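Protein chains: 2
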Amino acid sequence: MAEIPTAAISRLVTYLRILEQLETQDISRTSSSDLAERAGVSAFQVRKDLAYFGRFGTRGMGYTVPILKRELVRVLGLNQTWNVVIVGVGRLGQAIANYPGASDYQFQYVGLFDVNPALVGQQVRGLTVRHTDELRDFTRHNTVDMGFLAVPPEHAQDAAQALADAGVKGILNFAPVVIQPRTLERGGPQEISDEWRGLIVENIDFLAGMKRLAFYILNPHLKDAPTPEDPA
Amino acid sequence: MAEIPTAAISRLVTYLRILEQLETQDISRTSSSDLAERAGVSAFQVRKDLAYFGRFGTRGMGYTVPILKRELVRVLGLNQTWNVVIVGVGRLGQAIANYPGASDYQFQYVGLFDVNPALVGQQVRGLTVRHTDELRDFTRHNTVDMGFLAVPPEHAQDAAQALADAGVKGILNFAPVVIQPRTLERGGPQEISDEWRGLIVENIDFLAGMKRLAFYILNPHLKDAPTPEDPA
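So the sequences go chain by chain: F and P.
Numbering of the first sequence is given in UniProt numbering, commencing with residue 1 and proceeding in unit increments.
Numbering of the second sequence is given in UniProt numbering, commencing with residue 1 and proceeding in unit increments.
Chain F on its own, in the form it takes in the complex:
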């Protein structure tokens, strides 16, 4: 599995979401052209994206919804438990903690952290909010895979460093800030600090969505521009 564009992974996630919607509508079969139409891409693209990970359908027969769904769940690693901490428990952090669907997969919130004394000690979704300073100690005694970052932008870099120091494997960053791994003073520009090696950062940026929307409202003809991978 080399050279899979990140956009293909995003589309895989979209296909999975569509399959889940088909399942709730009791639709048990689909095809690359049906998936393509619902996802707003070409059927060629769907077949190509799926082909990175195996052969899921029968030629000319399409796909069985629950089977393709189960395979995509497996490919994406959603058939295993992910222990998550949320750093930042203001409106946004609480909205994330209560976002429907995370518990449909095995995302489990195991800790909530904030620096605001008004929040530390409060109960949110059955968890006691702890001070962010306790994060490292917490991960020493509890398995934590991911950290969701929902702090104000000016605190995002420091909070990300706290998560890196605490040894999480991935950060989902909701702050409109590009998180930078710490680099070693003596190292070259590529030499990043140990705690950042192999740490994955994904971003969910509301502002980025607003900006993309503004651009495409002004340039609607570009919206469904075929990607270079797509000969259609």
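Incorrect hints may have been included.
For the chain P half of the interface with chain F, some residues (derived, Cβ under 10 Å), not all of them [as the list claims (entries may be wrong)]: (1) Tyr99; (2) Gln180; (3) Gly209; (4) Ala214; (5) Leu218.
If you anchor each label on the Cβ, the simulated ranges turn out as follows [what the hints assert, rightly or not]: (6) P:Gln123 <-> F:Gln25: 36 to 44 Å; (7) F:Asp158 <-> P:Gln80: 29 to 37 Å; (8) P:Arg182 <-> F:Gln123: 38 to 46 Å.
Since the hints were derived computationally from the structure, they do not count as laboratory data.
Keep in mind it's a predicted model, so treat the numbers as computed, not measured.
No residue lacks a Cβ here, since even glycine has one placed at the ideal position from N, Cα and C.
Starting from the structure of chain F, add chain P where the hints point.
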């Protein structure tokens, strides 16, 4: 401006965010390799993405931060006012309304809508929450460009239809649901209902971010896979 991949637009948004961070750090010059390193892409990719929209730098001299920033703001359409309504004013809608940075650009919240009687009539950020049934009447008397959708997933399609009926130009969908345009009964599969023509839908899906993060934690070697556009 044809055939610009959507991923290039997302990267443009990232470059702009980086330029803003450089500006707050009083850094006035940058280069494609500097931008590339901060964005986690190749310098070739940066130059290619920018070249879709014009020539912004001087060969061998790099870019002036405030000038490139201003140009990207213009390209993305962020130098004009965007009037926004939010549909769904629960925790998530309120987090969106209070998300820092939207007001740095000219995104202006002009209306908040919900169906919950406990919320209708309440004040949020200086606006009175109205019932979603009033949306169409509201847009008849007020200029509304975009609708942000922050309702529970089971209500997202109906709320999106209400926004389409109200004549917004774009929807930013925060619900983990793929919004489908209404199709005409008598039409072919491609024939969509008038109110959806030219309407742009962008998605911000927390669950999609969680799933991508899970995938890349399990497949870290794929994280920075060069895109097919990138010969590096």
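For each hint, the structure was consulted:
1. Given the 10 Å rule on beta carbons, the hint for P:Tyr99 holds: about 5 Å separates it from the nearest Cβ of chain F.
2. The closest approach between the C-beta of P:Gln180 and any C-beta of chain F is roughly 7 Å, which is under the 10 Å cut-off, so the hint is satisfied.
3. Given the 10 Å rule on beta carbons, the hint for P:Gly209 holds: about 4 Å separates it from the nearest Cβ of chain F.
4. With a least beta-carbon distance of about 4 Å to chain F, the hint placing P:Ala214 at the interface is held under the 10 Å criterion.
5. Because the beta carbon of P:Leu218 sits about 4 Å from the nearest beta carbon in chain F, less than 10 Å, this interface hint is met.
6. Take P:Gln123 and F:Gln25: their Cβ atoms lie about 39 Å apart, and the range 36 to 44 Å holds.
7. The hint said 29 to 37 Å for the Cβ distance between F:Asp158 and P:Gln80, and at roughly 34 Å that hint holds.
8. In this structure the hint that P:Arg182 and F:Gln123 lie 38 to 46 Å apart at CB holds, the actual value being about 43 Å.
Comparing the model with each earlier hint shows no violations; every hint is respected.
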